Each structure stands twice: as C-alpha cells, then as structure tokens.
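Novice: Kindly generate the complete structure, drawing on both the sequences and the hints.
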Amino acid sequence: MPRRALAAAVVALVLPLSACGSGGDEGGSTDASGKVEGDITFQTWNLRANFKPYFEGLIADFEKKYPGTKVKWVDQPAEGYADKISADAAGGTLPDVVNVSPDLVAPLAKAGLALDLDKSAAKYKKEYLPGAWASHEIPGLEGTYAFPWYLNTGPLFYNKSLFKEAGLDASKPPKTYDELFDDALELADKSDGKVATLANVPTIEDFGRYGVELMNKEGTAFAFNDAKGVELLTKYKELYDAKALDSQALTATPESSGKKFLTEAVAMNPGSALDLGNFKKQAPNLYKNIGITDQITSTGKVNMYVMGVMVNAQTKRTPAAVAFAHFVTDAQNQMSFAKKVAIFPSTAGSLDDPYFTQEDGTDETRVRIAAAKSLKNAVNYTPVLFSEQMKTELRNSVAKALQGKVSPKEALDNAVKACDRLLQQQG
Amino acid sequence: MASSSSTASSGTAARGASSGAVRVRRQLPTSPWLFAAPGLLVVGIFILYPFVSTLVNAFTDRRTLIPGEFVGLANFRELLHDEMFWIGLRNSTLYVLGVVPALVLLPLLLALLVQKNIPGIAFFRSAFYTPVVASIVVVGLIWVWLLDERGLVNSLLETIGVGRIGFLSDQWLLLLSAMAVTVWKGLGYYMIIYLAALANVPRELHEAASVDGAGAFRRFLTVTVPAVRSTMVLVGALSSVAAFKVFSEVYLMAGPDGGPAGEDTTLVMLVQRTGTGLTGRVGYASAISVVVFVVTVALMLLVLRADRKEDA
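Heads up: the sequence lines are chains S and E, in that order. Counting along the first sequence from 1, when you hit position 344 you're at 344 in UniProt numbering, and nothing is skipped either side. Counting along the second sequence from 1, when you hit position 139 you're at 139 in UniProt numbering, and nothing is skipped either side.
If you are wondering where the hints come from, they were derived from the structure by calculation, not from laboratory data. This list has only true hints and no planted wrong ones.
Pairs of lysine to aspartate or glutamate, EDC-like flavour, derived with a Cα cap of 16 Å: (1) S:316 to S:37; (2) S:259 to E:149; (3) S:417 to E:83; (4) S:194 to E:149; (5) S:243 to E:149; (6) S:243 to E:170; (7) S:301 to S:205; (8) S:65 to S:37; (9) S:194 to E:158; (10) S:243 to S:192; (11) S:405 to E:83; (12) S:119 to S:31; (13) S:417 to E:82; (14) S:405 to E:170.
Far from chain S, some chain E residues (derived; all Cβ distances over 12 Å): (15) 97; (16) 109; (17) 116; (18) 146; (19) 176; (20) 180.
It should be emphasised that the depicted structure is a prediction, and the values quoted were computed from it without experimental measurement. Backbone N, C-alpha and C define an ideal beta-carbon position, used for all residues, glycine too.
Specialist: The structure is reproduced here in structure tokens:
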C-alpha cells in the first residue's frame, strides 16, 4: 500500500510538472481595441541602474493617462538576458511587454509568443521610420512583431598618438577598407608587432558592411561565403599574420576589445557617443588623443542596432499592453529618453530635431549629429534569424581561417553549412 | 450459553485486537513517509524530475520553445559526427588527466606541511583555504588579469627577458592555465579532508618507523600514504568527477566560444552553448548531458573498483 501511495505521489508530482514548458496556445486576444485597463508587467534590459527615475516617471505618466492601469516594472541584467527570456517563455511567465532586439523576437514570434502588430496595432505604423518598423519583420512569417524603440550607431574611434608614433597622419584616418588595411599593416610594422589596429575578428555585420550578401533573398539560406566574403577574411588573415589584429582577437568579446582600446593596446575600435564619456572618465590620456571618424563601409550604409518593445501574444490585457508598448516608444517619450542617453529615436521626424542637427562645438554633439545623419539610411546588418549558436559557428570558423588551419573559403563554406543546418533545425 | 457467549465475546475481542493490530501496522509505515515527504518533494522536484526529464529529452528533438518529438537515437548518432563533441570529450578527459593527480598529491603535501602545531600555522591553514571560499567568477577574472598578454605575469616575464607568452590565446596554454586555476582553487578544500585523515594516523607508527631508521620520505611512503589511501581514493573520485564536469574556469578564461576556434570547449560548456537561449537545442544538449552522466558514473566506478582491488 505505501508503495502504491508513493508511486501515486510520484505520478501526481511528475504529471503536473510535465505539463510545464513551452507550448500551450491558451492566451490573450489579438484585439487591442478594448478598454485600456488592468495590471501589466514591463521588462527592460539592464536599464534600472542608470534610468530608474526616467522609467518611474514614464510609468506614472501612463497610469495617469489611463486610470485603472497598473504597470509593474522589472529589469533584468544584460548578462544572460536571452536565457531569462527563454526560461520565461518556456515556463509561460513571459511579461506582458518586453524589451527585445530583433534576433530575440524571431524565435518568440515563431513560437507564437509575440503579438503581430501589423494586425493589432497597424494604426501606429506611420509614426515610425519605415526601416525601423521593418526591423522586426521575420523572414518566413507575415507581420511585424515589436514596436521599434531606440536605435544606435556610432563612429570609429582611433588613437591619434599611436597613429603618430607609427608615422601615420593622425588627421587622415582611414576612410576605405583598403586604407584601413594598409594603415593597420604599417602600424604593426612600425611598432614591431606591439600595437595592433583592431581587436576583433570580423562579425556578421562586418561582412554586411563590406558588401557581402548575407542571406538569399527568400531568407532561407546563408550566403556569406561568396567571393566578397572570402576577400574580407583573406584580408583579416593578412592582418592577423602581421600582428595588426590583436593576438587575443580570437577569443575577444566586444567588451574585451573595448578594454584593449581603453588601455591603448589597440589603435581603433568602433563605438558610440556614449563611449566618449567613458573615455573622459576612465582614460583621460586616451581622451586627449581620441580621433573620431566615420564607420567604414563598402555599401555607403552604416550599421545600426535596433531595440524593440514586444507585446506578449498570450497577455490577458492586450489593449493595455499594446497601449503601454506604444507609449514607451512614441515620439515624445523616445525623444525624452534620447536626451538622457546617447541613443536615437526610431520615430519619424525625430532625427530632424535641433538636438540632432545643431552643433555646439563639443565632441559629443559632433558625434551625435554625425550618427543621426548616418542613421537615415543605416541598415541593421545582423539577420534576425542569426542566432547565438550561429554567431559561435561563424566566429569559430573565422578563427580557424586566421590560424591557418583551413583556407578562408573553406572556413566560410563550413560556417554557412553549419548556420544553414541550425536554420533548418529552428523550423 | 455462558461459554458460548464467552467464546463469542472473546472472538469479538480477538477480531477487535486483530483490527487494532492492523491499524498499528498501517500507521507504522505511513508516518516515516510523512516525515520524509518534504525532503522527498524537494528531491523529486529539483533532482529526480530534471534527471528523468533530461533522459527523456535526449531522445527527442525538443527545442527551447518547441516541445519536439521522439527521434530515437538520432541525437546520439549526430554526436558521433559532431566535431565539437569530440573536442569537448577530449578536453574534459585531458582535464581529468591533468588535474586529478595534482589534486590527489599536492593537497596531501600541503596538509603535511600545515599539520604541525607551530606558532602562526592557523594563518597558513586559513590562507590556503581562502581560494576555496572565493567566488569562482572573481577567481577567474583575477587570473585573466594576471595571465593577459599585458597582465602581471607577462610583464614580469618580459622584464626578465623571457618575452610575452600567450597564456590566453594559445589553445593548449589556455587549457593548462585553466587547469592550474582549478588546482589552485581546489588545494585548500582537499587539504582539509587530508588534515582530518592525517589526524587519525597513529603517531606510534611514525615513531616505530623512525626507530627502524626510516627517513621523512620513507615514512611518507610506508606510513602516511597507506594510512590515508582510502582518503586519496575519495579525493581522486571527487576531483575526477568535478574535473570532467568543468565549466566555470574554462568559460571565464577561454570565453563563451571556448577559446580560439572553440578548441578549449569542454562537454559541459557544449551543453550550455547548445541547449540554452531562445533557439537552444534542448534535446541534443540533453544527449550530451547523458554522455557526461554515464562517463562520470563510469569514472566513479573505476576509481572505487581500483580501490577494492587494492584492498583484496
């Protein structure tokens, strides 16, 4: 009897648990036209530490505008954000409104967890820059799955002092890829391999900026192993062999390469207007010698990063969630947020504001104005279907080519093959 | 009549006694289960269920947001052709081979050093134990700073004319550096275990060996080692399982990709990389976890079997 009781207890324990996890199509309505009321949860991505008053004010304004609503704000750290979202999504505890990037939206939309705004909030579409609105479209799916929020882009920073030491003209930074590679080789040569110019191996966005076609037009297969892709990787191999690429580049992250630039171990690094403040505070010597130049592209279009605000398709408060997601991303609130931090609004016309067009003589303003100008035809080169696993496959293949274990062509062929396999497994 | 009545009443009493006995028997096994229930519940939810779930998932193509279907042995067949799996298996095995002998021997020597009751020895015992209580993330970061190309160790090497060494950029040096960190962090923990074992070694044995003319090294081999042999087996078993499942040290020093071209990836890092995130392949990662489980159990059995053979 006790054995039976124990077995029953185990079954009773395991059965409900086995029902946990993904799936479950019970959920809210896609109709956002009802009364805006009820309690919703809003999740941001590492913003509480620096912008607590802004978000508390934003939420208070929303609750005032829509009496009967209550917004609970949760903030998650940057580290492991995708894992936190996936755990919530699988456990059915995804917040009603979630701060996402396009590559995070793609799997959520495929799993039916992101609300199609073309159906539920089409009336707001005209308020945003067309490119920004399109950034949350998912190849293979109809619809748009998040409100565009802030955009970011930035210049290329370089260390004038290191340029001068190598006998280069610090007032003439490289403007093309050829100039970049030539300068990098010269810098390595003159410093006897002690000063590298770049600290990162090429990423998918670098291939995009170089003019490589990343995916086929249908978005069903990757294509960055074309002649142009091989050409870029071959150039990077030359840099690596000449020590113009930092020796630790094969294991670098954007954070570690930023630190290399900060400690003047490398001569160039991409960044944003936000970095200028960091240089001033953390590396005054570097700040005195900082050079600022445009992102180098072969396409004429710089890379931009897009943030979005997604509405959980299973929310029980669709009208309130859609209204809040729109409120966070509307022109007035984006502008207000942009003035607190060096980001750019995705709403139509906002970039024409004097804040983004009028010089005041400071470097910060110069970078902001240049970035805002370049954003008008910028591109998010990272395909939304390019998952973390695919990024790892590409980085590892690139590393093998740089080490000389395989040819650049073979490395890219392998990376495309692996990424295509992962793409098919994503369904 | 009286007798029959008496018989009847005694029969009733007997039945009553019998049913009372049944009640007692039923109560006896139930109450321990009730006491154990909270513990069982925790074990069931946090150990048993994830374990069974991993086993089940290993035979499916489950992904983070998609339940998946039964695919039989497909995940295990794919493992055989996955280059990264073999790299992971190689590195985890190398880790066991590199770390376990050091963690069996060095803490014993350290324990012999700090065993003596001399003034100030408590300070050294605490100092050697400090890395054990330090957070592995902090430890990892400190070692990254030390071994970076522009870190303290390389600056010293350059000063003495050796030149800079790519501890964190060379595939094999990176793995060795991570092993050194694991040994450094584990020394104090196993030292404490050995100290407890050494306290039970009869002093008379050492004295007898001394009288027979045995020197310190001879006494170590003939008295200390046999006396703490079972502790050495325990340390070997514990450290080999921990070494095979290594994650944090390599992850922190080699980065999320597992070093240059992923060549320093260990099996547990591969589980993390494959199975997490919104596009994680939970089924495939579970299959790797099952392999890790089988190998660690095999390692334990191997060590314990070797111990039994020694005893026989």
